[in-house]
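K.L.:
Here's the letter readout for the chains.
There are 2 protein chains.
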Amino acid sequence: MAAFLVSSDPGFESSFRTLLGAKREDAPDVDAAVAEIIADVRDRGDAALVELTNRFDRVGIAASDLRVTEDEIDAEIAKVGAEDRAALDLAAGRIRAYHARQMPEDARWTDETGATLGWRWTPVAAAGLYVPGGLASYPSSVLMNAIPAKVAGVERLAVTVPMPDGMANPLVLLASRIAGVDEVYRVGGAQAIAALAWGTETIAPVDKITGPGNAYVAAAKRRVFGRVGIDMIAGPSEILVISDGGCDPDWVALDLLSQAEHDESAQSILITTDEAHGRAVAAAVERHLETLPRSAIAGASWRDFGAVIVVRDMDEAVALTDRIAPEHLEIFTDGAEALARRIRHAGAIFIGQWTVEAIGDYVGGPNHVLPTARSARFSSGLSVLDFLKRTTTARMTPEALAAIGPAAVRLAEAEGLGAHGLSVSARLDALNRQT
Amino acid sequence: MAAFLVSSDPGFESSFRTLLGAKREDAPDVDAAVAEIIADVRDRGDAALVELTNRFDRVGIAASDLRVTEDEIDAEIAKVGAEDRAALDLAAGRIRAYHARQMPEDARWTDETGATLGWRWTPVAAAGLYVPGGLASYPSSVLMNAIPAKVAGVERLAVTVPMPDGMANPLVLLASRIAGVDEVYRVGGAQAIAALAWGTETIAPVDKITGPGNAYVAAAKRRVFGRVGIDMIAGPSEILVISDGGCDPDWVALDLLSQAEHDESAQSILITTDEAHGRAVAAAVERHLETLPRSAIAGASWRDFGAVIVVRDMDEAVALTDRIAPEHLEIFTDGAEALARRIRHAGAIFIGQWTVEAIGDYVGGPNHVLPTARSARFSSGLSVLDFLKRTTTARMTPEALAAIGPAAVRLAEAEGLGAHGLSVSARLDALNRQT
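If you read the protein sequences in the order shown, they are chains S and W. 1 is the number of the first residue of the first sequence in the numbering used here; add one for each residue after it. 1 is the number of the first residue of the second sequence in the numbering used here; add one for each residue after it.
Please note that a few of the clues may not be correct.
Which copy is meant is left open, so a pair is good if it fits within one copy or across any two.
Once the Cα atoms are required to be at most 20 Å apart in a straight line, the calculated EDC-like pairs of lysine to aspartate or glutamate come out as [as the list claims (entries may be wrong)]:
#: 1; residue 1: Lys79; residue 2: Asp165
#: 2; residue 1: Lys79; residue 2: Glu415
#: 3; residue 1: Lys79; residue 2: Glu413
#: 4; residue 1: Lys23; residue 2: Asp43
#: 5; residue 1: Lys150; residue 2: Asp71
#: 6; residue 1: Lys150; residue 2: Glu399
#: 7; residue 1: Lys150; residue 2: Asp274
#: 8; residue 1: Lys150; residue 2: Asp9
#: 9; residue 1: Lys23; residue 2: Asp263
#: 10; residue 1: Lys23; residue 2: Asp106
#: 11; residue 1: Lys150; residue 2: Asp65
#: 12; residue 1: Lys23; residue 2: Asp304
#: 13; residue 1: Lys79; residue 2: Asp274
#: 14; residue 1: Lys23; residue 2: Glu413
#: 15; residue 1: Lys23; residue 2: Asp313
For the record, the hints were derived by calculation from the structure and aren't laboratory data.
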């Protein structure tokens, strides 16, 4: 049974802090092993990649097998039924439409001195997308990472996905095809990240790597950061539901469980003004845990990290929500829109009882890669901006330089940077000679 | 003397690769020491912060001295002359005007299913700005970090700046005042980063930390990343000048030296179609090195990492520039605007011979915190976006859920996530019962 907190109880603040501070991840220290793997791939390229893949994925491939051919992809994709294909197509279309609206605009203007200033956005030239193998190999995750990259204009998008025991995931390959992925490689783990960052004979290096992965993949991404860009290192998933009791407790329970079933370290919290509703939701969770296929995982998550918090009013709900800064926030209350506007820190907000979070995981349109572990305080979900970069531009006229150059010379001198000052004053001198 | 490469020479590609791959930074491994400092500040708060500050900065402060009082700031600021003050004001105004244009817009629309989608930007609540002490304590850097934070709407902005031997930098304090910094603390090094990330009795924790620093500061930022957001870890500065020979070689030389004087590891490169111009610039560099105050630093940088590259034509210049992905790019050619548009990877572009890079360091308006070490391939300079985060929003109507819900159920089942599917199908069932 999850924690049941009541905000008017004397011990509430202490219990809430415990909940907020719960260390949900106990990442094994794999850094030394990862450093070795990266160095090996960097130094020996394909040879190392093949050896590591054959060892970890229990296969016997050669370098020429590293890339999954279009024929192989075709053969796997043919196994996907029409309904799954249609669902992926619908999801891809909606994700594409949402992310297309995120494309930022270039800017350019001339200011009062005559200087022309602005900026320009350009796509990352090549990106790599890591896709886990096995149970956590999700086609939805391929769409959520690959589509923003392609919308941004990334020319070359490479997917690495391990195929342990030679098993491919047809839906992952179909999602890659639908999203416009250019290359697919059957490699995983730290060795895949190393290959994407450093390049091998077969895999050309990329500029940016995104996508979820286990502790080895996360450690490898941290290590190659700087040489290439990376997305966030995502932690276990979270959901917070704010409910005033007007929604079916069963629906709330299923929403809480849909995060809990991801991972034993996931966290599901209900904040409600209605204690009876809170108890009904908790009871519904227990009931569903009896039949859910992933009840062992969901049950552990709910028991260890789940919570029902009864608050006096919605002001308190808002304040606690901002302290939690949840990855996913469902608001099932009267005036849900107005309440949503008051929240400052959340990855994604789902407004009203028809807006179930699982819609956002698949077909809503917004990205499902979102900040976890309170990082919504300072970071955002994945977007086209992650695959773009901005170049600032400036053009001075002689008049503009005459107007603002002397201040630059002054500051350069104050900072003791002589060449900075001279580079400006040499031009100012030339202007003075002309007049 | 710097390298002199000619693109038509047979060994060019190899020499260019050597230039591109030159390891310019030999960061000492301070990670263990930094881990200890962070743990100490986290565990003992102010007491550790005071001890470490007294030891490293050779002072004898108490916890009550950690914060620099407004009176102390007033007293230091009074030492700044009117001209320096006016230069800082001019710079701040221009930086503020440029960054105000970067504020992104919220979005909200209703799609063909009746679903309302969108996103909302909100500021980070509290940010910390690290300012180095000693020689690299630059007021311009305070403006470039603090103004975007305040434009973004950050409510609480704390500066940490070490004051070794008790010495304050009046210009840094004035820049903080002008930029609207809320709190200033006389602490530096990894202990300052630890205090900002974890908080102490005196320093409340922040959500995001930006600003340059030495190897200890950089290692500490890497360590606290995740708990708080950080900006990029900046490497040594770089400039690339593309010139067709129509500009005074002396100006080009000074621009190259204005990066070289930052740091012995800085890199200054000229690409030109005119070999004689290239030789004239190299000669002018040598001439200026005889008199520059920071000639020891600039000379070492130019000798070890500087280069003049003679190319056949501007196509070649563009291709090489994209491979270098320079932090700063000056384009001094006929048709400089058109050439600038062809460049894909650069932090900031300065167009035309009047647009000297040092203007951008101080008073141009665009940010001077820019991606180094080829990271302009995947990242951007500092902007208001670094102090904002985006929350996606979604609101389904029953009709919208009926339209797209079944695809979500399908995909949830394909991914083996039962509660995800049930959370959607429970609502779809309710809708079906209604009709």
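K.L.:
Next step is simple, just say for each hint if it's right about the structure.
P.N.:
Going through the hints against the structure:
no.: 1; hint: Lys79 with Asp165; in the structure: within (18 Å within a copy, 72 Å between copies)
no.: 2; hint: Lys79 with Glu415; in the structure: between (67 Å within a copy, 15 Å between copies)
no.: 3; hint: Lys79 with Glu413; in the structure: between (70 Å within a copy, 16 Å between copies)
no.: 4; hint: Lys23 with Asp43; in the structure: between (37 Å within a copy, 17 Å between copies)
no.: 5; hint: Lys150 with Asp71; in the structure: neither (23 Å within a copy, 54 Å between copies)
no.: 6; hint: Lys150 with Glu399; in the structure: neither (42 Å within a copy, 30 Å between copies)
no.: 7; hint: Lys150 with Asp274; in the structure: neither (45 Å within a copy, 39 Å between copies)
no.: 8; hint: Lys150 with Asp9; in the structure: neither (51 Å within a copy, 38 Å between copies)
no.: 9; hint: Lys23 with Asp263; in the structure: within (14 Å within a copy, 42 Å between copies)
no.: 10; hint: Lys23 with Asp106; in the structure: neither (42 Å within a copy, 34 Å between copies)
no.: 11; hint: Lys150 with Asp65; in the structure: neither (26 Å within a copy, 53 Å between copies)
no.: 12; hint: Lys23 with Asp304; in the structure: within (11 Å within a copy, 48 Å between copies)
no.: 13; hint: Lys79 with Asp274; in the structure: neither (49 Å within a copy, 61 Å between copies)
no.: 14; hint: Lys23 with Glu413; in the structure: neither (50 Å within a copy, 30 Å between copies)
no.: 15; hint: Lys23 with Asp313; in the structure: neither (28 Å within a copy, 58 Å between copies)
Consistency note: the structure conflicts with the earlier hints numbered 5, 6, 7, 8, 10, 11, 13, 14 and 15.
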